[in-house]
Amino acid sequence: MDLLIKNGFVYDPINGVNGEVLDIGVRGGKIVDPSEVDPREAKVIDARGKVVMPGGIDIHTHIAGPKVNTGRLMMPSDHYFSFMKFEKGVHRSGTGKYTPSTFLTGYRYARMGWTMAVEPATPPLKTLHTHEELDDTPMIDKLCFLLLDSNRILLDYLSQGDLDRFRTLIVWFLEATKSYAVKLVDPGVAISWSWGRGYGLDIDDEIEPYGITPRDIITSFCRVNQELKLPHTIHVHCNRLGIPGNYETTLKTMKSTSHLSVGGEVNIHITHAQYNSYSGESWFDLGSGSEEIAKYVNNHAHVSLDIGQIDFGTAITMTADAPFEYALFHLSRWKWGGAEVENEAASGIVPFKYRKRNFVNTIQWCIGLELTLLSKDLWRVILTTDHPNGAPFTRYPKIIALLMSKNYREEIFKKLSRRGLKKSILPSIDRELTLYDIAIITRAAPARLLGIDNFKGHLGVGADADVAIYDIDPEKIDLSRDYMKIKERFSRALYTIKGGEIVVKGGEIVKEVYGTTYAVKFREEIDKSLLKELEEKFREYYTISLSNYWIPEEGIRHLRYIYCG
Amino acid sequence: MAGLNLVLVTGRSLSQGEGLDIGKTTKDYFEGVAIIELDGEDLEALGVVEGGKVKVETEYGSIVVRAIKSRRKHKGIAFMPMGPWASLVIDPNTYGSGMPTLKGIKARILPTDEKIPGIKEILERIYNIRVKEIPKETLSEGESVSTASRVIDNVACSFCGCLCDDLEVEVRNNRVVKVRKACSLGSSKLLHSRENRILNPYVRENGVLVRVDLRSAVKKAAEILANAKYPLLYGWSNTSVEAIRVGVELAEYIGGVFDNTSVICHGPTIQAVQEAGFVTSTLGKVKNYADLIIYWGCNPLNAHPRHLARYSAFAKGIYAKSRRDRKIVVIDVRETDTAKVADLFIKVKPNSDYELATALRMAIRGYDIESGKVAGVNVEKIRELAEMMVSAKFGVIFYGLGLTMTQGKGRNIEELIRLAQDLNEWTKFVAIPMRGHYNVVGANQVSTWTTGYAFSVDFRRGYPRYNPGVTSATDLLNNGDVDAALIVASDPVAHMPAKAVENLVKIPVVTLDPKWSLTAVASTVVIPVAMTGVEVGGTAYRMDKVPIRLKKLVEPPPGILSDEDVLRMILEEVKKLR
Ligand code: SF4
Ligand SMILES: [Zn+2]
Chain Y
1 MDLLIKNGFV YDPINGVNGE VLDIGVRGGK IVDPSEVDPR EAKVIDARGK
51 VVMPGGIDIH THIAGPKVNT GRLMMPSDHY FSFMKFEKGV HRSGTGKYTP
101 STFLTGYRYA RMGWTMAVEP ATPPLKTLHT HEELDDTPMI DKLCFLLLDS
151 NRILLDYLSQ GDLDRFRTLI VWFLEATKSY AVKLVDPGVA ISWSWGRGYG
201 LDIDDEIEPY GITPRDIITS FCRVNQELKL PHTIHVHCNR LGIPGNYETT
251 LKTMKSTSHL SVGGEVNIHI THAQYNSYSG ESWFDLGSGS EEIAKYVNNH
301 AHVSLDIGQI DFGTAITMTA DAPFEYALFH LSRWKWGGAE VENEAASGIV
351 PFKYRKRNFV NTIQWCIGLE LTLLSKDLWR VILTTDHPNG APFTRYPKII
401 ALLMSKNYRE EIFKKLSRRG LKKSILPSID RELTLYDIAI ITRAAPARLL
451 GIDNFKGHLG VGADADVAIY DIDPEKIDLS RDYMKIKERF SRALYTIKGG
501 EIVVKGGEIV KEVYGTTYAV KFREEIDKSL LKELEEKFRE YYTISLSNYW
551 IPEEGIRHLR YIYCG
Chain S
566 MAGLNLVLVT GRSLSQGEGL DIGKTTKDYF EGVAIIELDG EDLEALGVVE
616 GGKVKVETEY GSIVVRAIKS RRKHKGIAFM PMGPWASLVI DPNTYGSGMP
666 TLKGIKARIL PTDEKIPGIK EILERIYNIR VKEIPKETLS EGESVSTASR
716 VIDNVACSFC GCLCDDLEVE VRNNRVVKVR KACSLGSSKL LHSRENRILN
766 PYVRENGVLV RVDLRSAVKK AAEILANAKY PLLYGWSNTS VEAIRVGVEL
816 AEYIGGVFDN TSVICHGPTI QAVQEAGFVT STLGKVKNYA DLIIYWGCNP
866 LNAHPRHLAR YSAFAKGIYA KSRRDRKIVV IDVRETDTAK VADLFIKVKP
916 NSDYELATAL RMAIRGYDIE SGKVAGVNVE KIRELAEMMV SAKFGVIFYG
966 LGLTMTQGKG RNIEELIRLA QDLNEWTKFV AIPMRGHYNV VGANQVSTWT
1016 TGYAFSVDFR RGYPRYNPGV TSATDLLNNG DVDAALIVAS DPVAHMPAKA
1066 VENLVKIPVV TLDPKWSLTA VASTVVIPVA MTGVEVGGTA YRMDKVPIRL
1116 KKLVEPPPGI LSDEDVLRMI LEEVKKLR
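Line by line, the protein sequences give chains Y and S. When we follow the numbering used here, the leftmost residue of the first sequence carries the number 1, and every step to the right adds one. When we follow the numbering used here, the leftmost residue of the second sequence carries the number 566, and every step to the right adds one.
Excised from the complex, chain Y in its bound form (with noise of 0.2 Å):
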C-alpha cells in the first residue's frame, strides 16, 4: 500500500533538508514525490509534531558470524535475563542484551528506527556462516567486510611485489564470499599471532615471515581499494588498539595514505577511533588523543571514522585483534575464547565491564564524544559503538542524547572518575548538535561512505523507503533540557518504515519483513591460469578445495550486487 507522512519535520541531510514541515510519499518500495500519492487510496501517516528521518545505518557492528556467535555461546547469563518473546504470526523469540540472537538483534534495530547495518569483521572461510546468520536476521538491509590483511595468499602475492595477482584476487577473495569491502585489523597481526606473537605491532615493524609492514598492508589495499573504485574505503582497525600511546600509530596510518587520495576523496576509514585515541605512556598516565586525532581529520579530507563510543557497565569485546583480546583477558581475568582460521584471521572475546569511578574507562568514555564534537565535518565521523565492543547498539539513543546535551554531560560527569575527566578536554567542549546533525552521523554519513547514497540514507525521490519517525517534536522539546525525551523517543520510533512497508509502531515490531545483502561484483573476469594457481595454493595451505570456498548466490536470502570498476 502506498503511504503518505504528512507535515512531519524532516532532516535529509543529503537533500539539504533541515527540519523543514513536508510531505513524503512512498509506494512500491521507494519514495515518490508526495502528489503521485493519491491520499484517500494511501495509509496517511500524521506526522505532524515529529521527526522524519531516513532509516538509520550502523556502519559497524558485530552482530552476525563465527566470532558473535561464540559470543553468544560463551555468555549463557546475557541471554538468560534478556529476551523477547514469541508472538504468532507477527515475530520470532530472541534472547541477549550484548550478544543478541539474530531475530531479536534485527527487532531492535528496527525499534529504534535503524533500517541498515554492517557487519566489519569476516573471515573469508567462514563467511558461509555470517551470511547464515546475516540471512536470519529480520528487518535491516545488511552486508560484510571481509578480514584480509593476513591472508596468506595475498600476502605471498604483495610481498614477492606481484600486485597485479594482489589485486586480482582481492576481487577473486570479495566476490567469491560476497562481502563487500576491505577490512584489515591490527594490519598484519594474525600473521605473528600464529606463533603467539604480534601483541603490540606497531606500523612500520615488520611482519615474519614476510619482511613487509603493516604501512605496506595498508598502502597497497589502499592503492587497489581506489583502483577497484570499490563503494567503500579500506576499513581499518589500527595497529595498537587498546595500548597507551596508540594515538600517534593512528595519525601514522591515517598520513599513510594521504599522498594516495584522489581530489581530496576519502580513502581510508578508522573505524572505533576512541580505541585508538589515546595519548600518555602507561595505564596510570593515560590521556586523551582525541585533539590530535580530530585536528588531522579536520584538516585532511581523505580520512573518515566511526567513534567506537563506550558506555558504562557490562559489554562484551571481541574483535579480529586476537593479541590484544589475549592482553585484555589478563586484566579482566575471567573468561577469554581465543580462535584462528587458517591463512586468514584469528579473533578474540573476552567479556569486559566499563566502570564510572575508573581513570581509563573515563578517559575512554570522554574520547568517543570528543571524537565527534571537535569535528569540523560530520559527514566523516560516524556514530558507532562497535557494538558490543564499546556497548550494545542500544546505546545509540543515549548517546545521541549526551552529544545533542551539555546538560546531560554534566550530569554524568558528576558520577565519573575526576582524575579521569581533568585528563580530558569534554568538559570543556559546550558543543550541542542539532537533530540535522545526528542525521548526518546516524543516516546519511553512513550511507555516503558506504557508497550507496544514491538510494539509501536520504528521503529523494527514488530512494529506498526506509523511514524513522520519531516523537519528537523540535518546537516544543527543549533538546538540550529534555534529554531524557531525546534518549527515550530515540529508543522506541513511533514509526519504522522498512522497503515501504510499516515494520514498527510505537515502538513495537507490527511486521517482520528480510532485507537486502549487498556485495560488490566486479565487470572484470578472472584469468584462468591464476585459478589453476590458485587451485594449487588452496591444496596446499587449506583444508577445502577451492571450489567448495566459493558461496553461492543461492545460498543468501536476497542478495543484490553494487557493480564496481
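Any given hint could turn out to be false.
[Said to hold, decoys possible] Okay, the calculated bits of chain Y under chain S, using three or more residues with CB under 8 Å as the criterion:
1) 123 to 134
2) 155 to 162
3) 337 to 345
[Unchecked claim] Chain Y is faced by these chain S residues, among others (derived, beta-carbon under 8 Å):
4) 841
5) 844
6) 852
7) 854
8) 867
9) 883
10) 886
11) 1016
12) 1126
[What the hints assert, rightly or not] No more than 27 Å apart at the CA atoms, straight line, and that leaves these computed lysine-lysine pairs for DSSO-like:
13) 746(S) / 335(Y)
14) 85(Y) / 886(S)
15) 406(Y) / 376(Y)
16) 1116(S) / 528(Y)
17) 671(S) / 620(S)
18) 85(Y) / 620(S)
19) 43(Y) / 511(Y)
20) 532(Y) / 746(S)
21) 511(Y) / 30(Y)
22) 881(S) / 537(Y)
What the hints contain is simulated information worked out from the structure, not anything from laboratory work. All values reported here derive from a predicted model rather than from experimental measurement. For glycine and all other residues, C-beta sits at the position ideal for the given N, C-alpha and C.
Starting from the structure of chain Y, add chain S with the ligands where the hints point.
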C-alpha cells in the same frame, strides 16, 4: 559363579558406525554391537572362551552379550559399543549436565548360558513395542537408462565431523557406484545409501505401522505436535542447516524443547566454554603449524579415520611438513589404535582426567606435585608431557567423548581448556573438540544464533530458556516430562539410556529418517526423507566450525522430500491447527 568387577566404557566403534548405513536390524549390526570387549587376562579369569556369552550387570541394569578378546591390553576395563545393549547398563543420571554417564561405570561381568537378546526382543520384551515386522521395502533397481557415468569431485562427505571435501564420487544411473578418497565409513554411507530405506510414510494403527500417503502422515504428525503440551524436538546432527532452521521455528511455534544430539556428545564441552571460554583454531592451522598433537580421550583412527592424514598427525603442512615434524601424544584409559602411532602414550585411570589436567597445569608452572602418581600416571611422565607442551611451537589438544562422558564431564573439559589457555603464556596452544556427526556443530550453531543457546532449548514460555539437567532431552525423557516427540536424523532408541527409551516409546513419536532406525520402528508416524549430502544439498559445519556446502549427487527415491521440505509441510499444517 565366578564374576569379575570391571570398569565399563561405552563408545563408538567402526561396526556401530557402519550399522548406521546397513541398518540396525541386520545380523552384522547384532554381531558388531551386542558385544563386550575384554582384556585377554580378564577373559581367562572369567573362564569364558572368546565368543562366549557373558552377563553385564551394573547398578542400572543387566544384559547378556558376546565376549570378545581385545586386541590390546586393558586389564580391568571392558568396552561396549554404543547401542541398545549398552544402553541397558549405562548410568542414565545426568547430574544436572544433560549427559548420562557412559564411561567409567562399575560393572560386574559373569559367565552365563542365557540367550543374547536380539533387537526385536529388546524392543518387544524390554520396551513393550509391538514390532511385528519391520516393513521390508526395496528400492527398485529402475531401468538402466544409460551406462554412462559421471564423476563429481570435491564432494563433502556427510558422515563424520571431518567433513572431508575432496571425495570423488562416480554416479551411474542415478546411483553412486564408486567413491574415491573417502574412508570406509564415508564410502559405506554413500555406497549403501539405497539400502535399508524407508520408502513410504507410515502411521501406527492398532499397534502396527500402516502405509499412508505423505499428506496424511504430515497431517497426523502435525496433529500430534499441535496437540502436545510439551513436545520434544530432538536429533538434528545428521541434517542440513536449512532443515535445522525450520526445526527451531517449529519448536518455537509449538512451545516445545529443541535439543540436538550434542546433549550426549559434546554438551559438556559447551558448558565448559560457558565457564572458561575457549582457545581454538581451524584444522588448517593444525595442519600447517602444529608440532605437538595430543589426542585426549578420543580415537580418531576409528571414529574420524581421515583426521590424521588430512588435518593432523600425518598431514602435510606449511611449517610442519610431515609426521616427522610433529610429536604425537595419546592420552586414554586404554591403548587405542591411535595410541599405536603415538610417540608417547599416557594411560590415565578411568574417571581421573580432571586430575591429570590439573597436574599438567601445575607441572607447566613448575609447581611441586607431592604424590608420585596422579590419575594413575607417574609424575615423571606428567613432567615429560608438560615439558613437551611448553617447548612446542604450536600445540593442539584434540579431545573427545572420553572426557565428556566420564565422571566430571564438563569440568574435565573446563580444566583442559584452562590448561590450553595457560599454555599460551609460553607458546601457542589450542584445544579442539572431536565432533562426531557431520553436522552436530551446525545444530549447535543454528541453535545458538537463533536462540542464544547451543542445545537443550526450551520454548515453553514463548522464549528460549536453557537449563541442561532440566531442559535436556535425556532428562526430559528420563523423567517422562514430555508428551510427544519429533525425532529428526537421529536414533535415540538405540543410543539413549534405557530409562529414557522406556518413556520415549510411551508417547507419540514422529520420526523423519531416510532409513529404518530403531526409533522409526517404534514410532507413531514415520516419514521418509532424502539423504542430506547424497540426495539433497545444504550446509554443514565441520568440527572446527568451518561451513561446507554439501552436494546433491543423485535424485532421491520417487516422492521423497528433504528434511527441510517435510518440516515446512508439518509447520504449515501445525499453523492451521493452532
Ligand atoms: S574421515 Fe569422516 S568425513 Fe572423512 S571420509 Fe571418513 S567418514 Fe567421511
Ligand atoms: Zn569492531
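Cross-check of the supplied hints:
1. 123 to 134: Since three or more residues must qualify, the claim that chain S covers the region 123 to 134 of chain Y holds, with 6 doing so at under 8 Å.
2. 155 to 162: That given contact is violated, which follows from only 0 residues of the region 155 to 162 of chain Y lying within Cβ reach (below 8 Å) of chain S.
3. 337 to 345: holds (count 7)
4. 841: 6 Å, holds
5. 844: This interface hint holds because 4 Å falls under the 8 Å limit.
6. 852: Cβ of residue 852(S) sits 6 Å from chain Y, so the hint holds.
7. 854: 6 Å, holds
8. 867: 21 Å, violated
9. 883: Interface hint status for residue 883(S): holds (7 Å vs cutoff 8 Å).
10. 886: Nearest chain Y Cβ about 11 Å off; hint violated.
11. 1016: Constraint on residue 1016(S) satisfied, holds at 6 Å.
12. 1126: 18 Å, violated
13. 746(S) / 335(Y): Judged against 27 Å, a Cα distance of about 41 Å means the pair is violated.
14. 85(Y) / 886(S): 53 Å, violated
15. 406(Y) / 376(Y): 18 Å, holds
16. 1116(S) / 528(Y): 24 Å, holds
17. 671(S) / 620(S): 14 Å, holds
18. 85(Y) / 620(S): 51 Å, violated
19. 43(Y) / 511(Y): 16 Å, holds
20. 532(Y) / 746(S): Since the Cα atoms of residue 532(Y) and residue 746(S) sit roughly 21 Å apart, the hinted pair holds (cutoff 27 Å).
21. 511(Y) / 30(Y): Measuring from Cα to Cα gives roughly 18 Å; hence the hint holds.
22. 881(S) / 537(Y): Cα-Cα ~13 Å, so holds.
Comparing the model with each numbered hint stated earlier shows that hints 2, 8, 10, 12, 13, 14 and 18 do not hold.
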